[in-house]
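Each chain is listed here by its residues.
Protein chains: 2
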Amino acid sequence: MAQRKAVVLLSGGLDSATVLAIARNEGYETFALSFRYGQRHTVELQAAERVAAALGATKHVVADIDLRVFGGSALTDASIAVPHHDSVDDLSTDDIPVTYVPARNTIFLSFALAWAETLDASDVFIGVSALDYSGYPDCRPEYIKAYEEMANLATRAGVEGRQRLKIHTPLIQLTKADTIRRGLELNVDYALTHSCYDPVDDRACGTCDSCLLRNRGFAELGMTDPALTTSQS
Amino acid sequence: MAQRKAVVLLSGGLDSATVLAIARNEGYETFALSFRYGQRHTVELQAAERVAAALGATKHVVADIDLRVFGGSALTDASIAVPHHDSVDDLSTDDIPVTYVPARNTIFLSFALAWAETLDASDVFIGVSALDYSGYPDCRPEYIKAYEEMANLATRAGVEGRQRLKIHTPLIQLTKADTIRRGLELNVDYALTHSCYDPVDDRACGTCDSCLLRNRGFAELGMTDPALTTSQS
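Chains as they are written, first to last, in this note's numbering: chain Y, -1 to 231; chain L, -1 to 231.
One or more of the hints may lead you astray.
Identical copies look the same in the list; a pair holds intra-copy or inter-copy alike.
Unchecked claim - Within a straight-line C-alpha distance of at most 35 Å, the following computed DSBU-like cross-link-like pairs (lysine-lysine) qualify:
| # | residue 1 | residue 2 |
| --- | --- | --- |
| 1 | 143 | 164 |
| 2 | 143 | 3 |
| 3 | 164 | 57 |
| 4 | 3 | 57 |
Worth flagging that the hints you see were computed from the coordinates, not collected in a lab.
Build out the structure end to end from the sequences listed, making use of the hints.
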């Protein structure tokens, strides 16, 4: 029997690197998908390339999509500043952060679906966690389930039940520390990854939301985030 | 009360031009969205621009997305030929045609969702018809309903019921002739539109699936398709 194929959404950050390692460990032939979506920094795409190679992805594709035409996010709109904080305790959990990109997971999953259909694959992996962002709408199990149902009505194979699309979310109930622990078991080299929203000279800033959440995860394991001491280029 | 905003997916073809006219007629301020998705011909984007201007869209945006990285469709892959037929009766209704682009409606709707969220709009219009392609999976009402449900779980406004996304499909039960009749009532100038998969010198070929279906619609109304006698550039 041929090895099963899976499309893995790979940002180059800590979560998606862990997910790629999990998919490989489950025996999938992996097709890693990243996006050039108008983000301010391309350092994360370099990280995605390193991670895909290090973890043995069969192929790595970077799809060009331009979300800047819609504006509205600090990650794609240079006129909106990325917020920085002194401590992870200062992060607000009530409001949608300005770093939110509208419908991003929905768009990313749609491209994964397109590639899966072309590859004749029925498995997609995404590194969302319902815990880190306190119920962020498009990171919750209900959303993923609804996406799967929609996707299975979008293709003839799905409608006929011949090939049901499955969206795998192995991190959905994991804290950042749990994720790091799992990745370390699978020999993920987190020095290769990049999660920072606002790098300075290609180094992680240490004070944006993403850096703070990640650093807390390493701290909980008694470790220091290797991205803080490693150049990301 | 401010005029309601709607995002309208606009390919520049007959169906989406009619949908834009319907949305305007229903009183929406319209934001027309087209895609540069690696299609072989840009003549359809020129048509979209003409149609958006003629029908009074407030804004027209062309989003760059590159579906060529996945391959697999005659519309985006130069190595796959677009099929031509002598008659509309020769069109197969059993198989997914080679002009199918994987997950295209899912991707297009995801971008519409992103723009709607940025505009604070809750209405999206798409010109799918369940009749023309005999139950093409992602043109059916069940698919559209599942997409709406997913989208309403993807945003906080949707989850809280403050702003439910509505996907409008005014053509879903219309034949091509019905659609043309409705568009003519709303003064759509179909000479501005472009639906051909394989234009020759910027003119509609008359023999691809899209041309044949469209020509039959005009013939049923005792008319000749104006696109056949008009340069599309």
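Do the hints match the structure? See the list:
Taking the shortest Cα distances, residue 143 and residue 164 sit within 35 Å of each other both inside one copy (9 Å) and across copies (20 Å). With identical chains, the CA atoms of residue 143 and residue 3 are at most 35 Å apart both within one copy (21 Å) and between copies (29 Å). For the homomeric pair residue 164 and residue 57, the shortest alpha-carbon distance inside one copy (20 Å) is at most 35 Å, but the shortest distance between copies (37 Å) is not. Taking CA atoms no more than 35 Å apart as the test, residue 3 paired with residue 57 passes inside one copy only; the shortest distance there is 11 Å, against 41 Å between copies.
Consistency with the previously given hints is maintained throughout, with no hint failing.
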